[in-house]
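Visitor: Residues per chain are reported as follows:
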Amino acid sequence: MTFPAITAVANVLAHAPGLVRYGSKPLRDIAQDGAVLDAITPRLRSYADAVAYGPNQAFIGNIEPEALASLPRPWWQALDMTASSTGAFGDVIDETELLGLFKLCDRARLVHLDAATLSAAGAALARRGLVTADEMAALAPAEAAAIAALCRSGEALPLMLGGRVVGAVARGHEQDEALTANVLLENLAGKATGVLALRRLLRMTDGRVGPGDVDFVLAGSEEAVGDRYQRGGGNLAKAIAESAGVTTATGFDVKAFCASTLYAVFNAAALIQSGVFSRVVVVAGGSLAKLGMKYRAHVAKQMPVLEDVLAGIAILVERPGAGDPMIRLDTLGLHTIATGSAQQAVVEALVIKPLDKAGYRLRDVDRYATEMHNPEVTEPSGSGDVPKGNYRLIGALGALRGEIPRNGIDEFIAAHGMPGYAPTQGHIASAVCYLAHALRAMRAGKMRRVLFMAKGSLFLGRMTEASDGVSFILET
Amino acid sequence: MIELKGKRVLVIGERDGVNGPAIEACVRSAGAEVLYAETLCFV
Chain A
1 MTFPAITAVA NVLAHAPGLV RYGSKPLRDI AQDGAVLDAI TPRLRSYADA
51 VAYGPNQAFI GNIEPEALAS LPRPWWQALD MTASSTGAFG DVIDETELLG
101 LFKLCDRARL VHLDAATLSA AGAALARRGL VTADEMAALA PAEAAAIAAL
151 CRSGEALPLM LGGRVVGAVA RGHEQDEALT ANVLLENLAG KATGVLALRR
201 LLRMTDGRVG PGDVDFVLAG SEEAVGDRYQ RGGGNLAKAI AESAGVTTAT
251 GFDVKAFCAS TLYAVFNAAA LIQSGVFSRV VVVAGGSLAK LGMKYRAHVA
301 KQMPVLEDVL AGIAILVERP GAGDPMIRLD TLGLHTIATG SAQQAVVEAL
351 VIKPLDKAGY RLRDVDRYAT EMHNPEVTEP SGSGDVPKGN YRLIGALGAL
401 RGEIPRNGID EFIAAHGMPG YAPTQGHIAS AVCYLAHALR AMRAGKMRRV
451 LFMAKGSLFL GRMTEASDGV SFILET
Chain B
1 MIELKGKRVL VIGERDGVNG PAIEACVRSA GAEVLYAETL CFV
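Here the protein sequences line up with chains A and B, keeping their order. Position one of the first sequence corresponds to residue 1 (my numbering), numbered consecutively onward. Position one of the second sequence corresponds to residue 1 (my numbering), numbered consecutively onward.
Hints in this document: simulated from the structure, not taken from any laboratory. Don't take every hint at face value.
Computed spacing ranges between beta-carbons, pair by pair [as the list claims (entries may be wrong)]: (1) B:A30 x A:L334: 31 to 37 Å; (2) B:A30 x A:G275: 52 to 58 Å; (3) A:A149 x B:R8: 52 to 58 Å; (4) B:R8 x A:G359: 48 to 54 Å; (5) A:A300 x B:K5: 34 to 40 Å; (6) B:E38 x A:G212: 44 to 50 Å.
Cβ-to-Cβ under 10 Å is the rule here; a few derived chain B residues that face chain A [unchecked claim]: (7) G13; (8) A22; (9) T39; (10) L40; (11) F42.
C-beta: ideal position from N, C-alpha, C; glycine also.
This is chain A alone, in the form it adopts within the complex:
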């Protein structure tokens, strides 16, 4: 039986040190104590250092995540200054380019950028083949005096480059808490990095699949777009599709905390399998709120504030061609309400049950993609190595089932796991960041089967104590 296939994936990053101050944790702490900003600022990385950082190079596909296992820690001191900002899967754009994308994606005329920044952004994005000169030339720059006046009014947030104000984002309404400048900046960051990923995906497929060949777009990001009457109204999918020129498609959003994007992938496959659509793109932009989330630990340990990038991903799902890796819709791993929230039960539901259904054992899967958070980001704050924790649990369940010897769990992890490399942008770190690598490895004949598993923390929204998660097997 055939199933829908993943045929192209774009992974992109946007370096955003000037936006770290607007991450949820820094923003709250700076409001309490202005000295926090003085502690963060000298710990922000240069663009060159962010490009040269091994985990970021793994994310955009210039190295394999597995290569990080032999790179000495700390990785932030093992920089490869010859590394390129252009990867096999996408680009690491700099903050000037990101601000230019904000302006390009702003349909409400709330983003104001000075002429020099807008011009530099347009030129750099055009060099990457991500925008046309005409569409950037149509954007009007703002006078420095107008930007300064907006910032002084308290109704706009300054946009900074290297400590200098080069623009501003204004609020969208005088009284609406869903349209404050902070909320709009968060939503715009998600949209712009989603557009970056979708445009990069269409560059990859140029000549075979163009913007007019996409039927439907599903977005699985972390923002809540809306107004005072419907705060999570949504459909950023259509907003992203519009700004990427995918005008023949419609779409909607999938919301399920950090599992959103993986849910969206199997929903895309189901829409194709049912014959409703021929081609569906899943897209997700980055989370501004999570910038600098663990800055306190990074500053205390005198390391760079590593949560300084927004991530984006775009995934093309369509009917399979010869050799394309297919999404096994007949063996989905689903976390039902009855599953409960104990970690053992969650992993049984998302790993063991799908394998049992497919008739596989744990070692029949070449690689497990779990939550691939970079441990160098999480360990300083005491949050541990998240992927390794997941692998240990999978290995322990394998030992309980007699598939792995009790003293063989480390060997199992080394053979079927990999180091975490994703920025702590929850939904993108949650397995989907490995789709591009899996596709490349399967096309090269290096892998046959990968299991993708994402978890969602529904309980954080206070509406339930339930957990969540989803998984699928991708195989050639």
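Go by the hints and put chain B onto chain A.
Guide: What follows is chain B alone, placed relative to chain A:
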């Protein structure tokens, strides 16, 4: 070792470790009163 019987407990669990409801069930069974329980996610 802590004697929990008769104690009042604030529970903070972790999504990728031991969650709040699991800790709550354990400390209740040990005779403690749970005043507050929450599960956090650190990523």
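Visitor: Does each hint hold? Answer for all of them.
Guide: These are the hints, each one checked on the structure:
{"no.": "1", "hint": "B:A30 x A:L334: 31 to 37 Å", "verdict": "holds, 34 Å"}
{"no.": "2", "hint": "B:A30 x A:G275: 52 to 58 Å", "verdict": "holds, 56 Å"}
{"no.": "3", "hint": "A:A149 x B:R8: 52 to 58 Å", "verdict": "holds, 55 Å"}
{"no.": "4", "hint": "B:R8 x A:G359: 48 to 54 Å", "verdict": "holds, 51 Å"}
{"no.": "5", "hint": "A:A300 x B:K5: 34 to 40 Å", "verdict": "holds, 38 Å"}
{"no.": "6", "hint": "B:E38 x A:G212: 44 to 50 Å", "verdict": "holds, 49 Å"}
{"no.": "7", "hint": "G13", "verdict": "holds, 9 Å"}
{"no.": "8", "hint": "A22", "verdict": "holds, 6 Å"}
{"no.": "9", "hint": "T39", "verdict": "holds, 5 Å"}
{"no.": "10", "hint": "L40", "verdict": "holds, 8 Å"}
{"no.": "11", "hint": "F42", "verdict": "holds, 4 Å"}
In summary, the structure agrees with every hint in the numbered list given earlier.
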